[in-house]
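Trainee: Those letters in the sequence shown? Residues 1 to 369, per our numbering, in order.
Treat the hints with care, since some could be wrong.
[Claimed, not checked] Within a straight-line C-alpha distance of at most 16 angstroms, the following computed EDC-like cross-link-like pairs (lysine to aspartate or glutamate) qualify: (1) Lys81 - Asp103; (2) Lys203 - Asp168; (3) Lys205 - Asp165; (4) Lys303 - Asp256; (5) Lys203 - Asp263; (6) Lys258 - Asp281; (7) Lys228 - Asp165; (8) Lys203 - Asp158; (9) Lys283 - Asp226; (10) Lys303 - Asp263; (11) Lys305 - Asp349; (12) Lys81 - Asp96; (13) Lys326 - Asp281; (14) Lys160 - Asp103; (15) Lys228 - Asp256; (16) Lys258 - Asp299; (17) Lys98 - Asp168; (18) Lys203 - Asp226; (19) Lys58 - Asp349; (20) Lys160 - Asp79; (21) Lys58 - Asp103; (22) Lys326 - Asp349; (23) Lys228 - Asp281; (24) Lys346 - Asp299; (25) Lys303 - Asp349.
It is worth saying that the hints were derived from the structure and are not from the lab. From a predicted model like this one, the values you see are computed outputs, not experimental measurements.
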Amino acid sequence: MRRFTWGRGVLVVGLAGAVAGVVPSGVSALSIRVRCRATAVVTNYGSGTVSTIDVNTKTKNRTDIPVGPVPSGVAITPDGKTAFVTNLTGTVSTIDVKSRTKDPTDIPVGPAPVGVAITPVGTTAFVTNFGPFTSLSEAVDAIREPTPGIVGTVSTIDVKTRTKDPTDIPVGALPLGVTVTPDGTTAFVTNLGSGTVSTIDVKTKTKNPTDIPVGLYPAGVAVTPDGKTAFVTNFGPFTNLDPSTPEGIGTVSTIDVKTGTKDFTDIAVGSGAVGVAVTPDGKTAFVANRASGTVSTIDVDTKSKSLTDIPVGANPNGVAVTPDGKTAFVTDLSGRTVSTIAVKRKTKDPGNIPSGLSPLQVAVTPCRR
1 MRRFTWGRGV LVVGLAGAVA GVVPSGVSAL SIRVRCRATA VVTNYGSGTV
51 STIDVNTKTK NRTDIPVGPV PSGVAITPDG KTAFVTNLTG TVSTIDVKSR
101 TKDPTDIPVG PAPVGVAITP VGTTAFVTNF GPFTSLSEAV DAIREPTPGI
151 VGTVSTIDVK TRTKDPTDIP VGALPLGVTV TPDGTTAFVT NLGSGTVSTI
201 DVKTKTKNPT DIPVGLYPAG VAVTPDGKTA FVTNFGPFTN LDPSTPEGIG
251 TVSTIDVKTG TKDFTDIAVG SGAVGVAVTP DGKTAFVANR ASGTVSTIDV
301 DTKSKSLTDI PVGANPNGVA VTPDGKTAFV TDLSGRTVST IAVKRKTKDP
351 GNIPSGLSPL QVAVTPCRR
């Protein structure tokens, strides 16, 4: 079998984050403040760094922040003070957003942590642990032929003390994306290897015994600000790990949060659907199509996709919408840039923002004076 290294922008790494490229639950629905000085935080898995971008001026700070090896997912506390970054080598780094400094001690979690989400009250971080793999080729084998009975886990971290709960939560196979409902009661986890979504009771940290079947290779997940609907991206079929050559089109499954039931019909989007984010007004879902080089937009009420997708940079992966709802930030994994989209017009802004090597996921801080 063809061998791969962790450094290549292939499926496992490309699908990382919870969505991945998803604004942490509770951030997108925050009220707009005067003189918003929001910051976009981008993980660069190829350079082991985090870039920060001024949302208003769309300029990147010249100095990137070193974190752990192979950074993947990112989430920001609701107060905008701290960014949590998962490192595929088994740790979580934390960054003081204002001073742009990393805590010298990383937090050990489970094997190959990918996605991260923080509860709306900012007390707990949920981290998906993709699996105990020593190389990407082992992860590839697990995706193509999942081992019967294989179980992934979710670690939880006390945000204030930066300590991990000693007991991880078993979920489905190869957990990837994670988000928390706006009311803070439930965490949704996509299981890439199982084709399912697990739900976790945030208070008791226990998984619902019944997972929700969705599409093929579910990756990202986002919940609407009203807490009614979860949008789940399904990467779709592929024959190899070159993300530019999947066999078929990606889809988006929608789940009724209250009942835990999936809508019968999935929504067809572009090839290799990965990141997903919902606008603060709850009207539109943005989906990054990694293999198509586009972003699809979905009307949340009608669950219908716009006929025209938005061309962005090479291999778009993560997506986040600013708290004022005006701009979507999209990481261009192979382009070493970040694209921005005017939400109202659904058009890409001219020019891209430089980032570190292989930008993977993006989150945006709440606005502050």
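Trainee: Is Lys160 close enough to Asp103, meaning Cα to Cα at most 16 angstroms?
Mentor: Satisfied, since the Cα-Cα distance of roughly 13 angstroms is no more than 16 angstroms.
Trainee: Checking one constraint from the list: CA of Lys326 to CA of Asp281, max 16 angstroms. Satisfied?
Mentor: holds, 11 angstroms
Trainee: Given the hinted pair Lys283 and Asp226, is their Cα-Cα distance within 16 angstroms?
Mentor: holds, 11 angstroms
Trainee: Can the restraint linking Lys203 and Asp263 be considered satisfied, given a maximum Cα separation of 16 angstroms?
Mentor: violated, 27 angstroms
Trainee: Are the Cα positions of Lys203 and Asp158 separated by 16 angstroms at most?
Mentor: holds, 13 angstroms
Trainee: For the pair supplied as a hint, Lys305 and Asp349, is the alpha-carbon distance within the 16 angstroms limit?
Mentor: Roughly 21 angstroms between the alpha carbons, so the hint for Lys305 and Asp349 is violated.
Trainee: Decide if the proposed pair is consistent with the structure: Lys58 and Asp349, CA atoms, cutoff 16 angstroms inclusive.
Mentor: This hinted pair holds, its Cα atoms lying about 10 angstroms apart.
Trainee: Keeping to a limit of 16 angstroms between CA atoms, is the pair of Lys203 and Asp226 held or broken?
Mentor: Given pair Lys203, Asp226 is violated - Cα atoms ~20 angstroms apart, limit 16 angstroms.
Trainee: Given the hint that Lys303 pairs with Asp349, does the C-alpha gap stay at or below 16 angstroms?
Mentor: violated, 25 angstroms
Trainee: Could you grab the alpha-carbon distance between Lys160 and Asp79 and see if it respects the 16 angstroms cut-off?
Mentor: holds, 12 angstroms
Trainee: Just to be careful, I want the Cα atoms of Lys98 and Asp168 compared with a cutoff of 16 angstroms; is the pair within it?
Mentor: Roughly 31 angstroms between the alpha carbons, so the hint for Lys98 and Asp168 is violated.
Trainee: Do the alpha carbons of Lys326 and Asp349 lie within 16 angstroms of each other, as the hint requires?
Mentor: This hinted pair holds, its Cα atoms lying about 12 angstroms apart.
Violated hints for the displayed structure, listed by number in ascending order: 5, 6, 7, 11, 16, 17, 18, 21 and 25.
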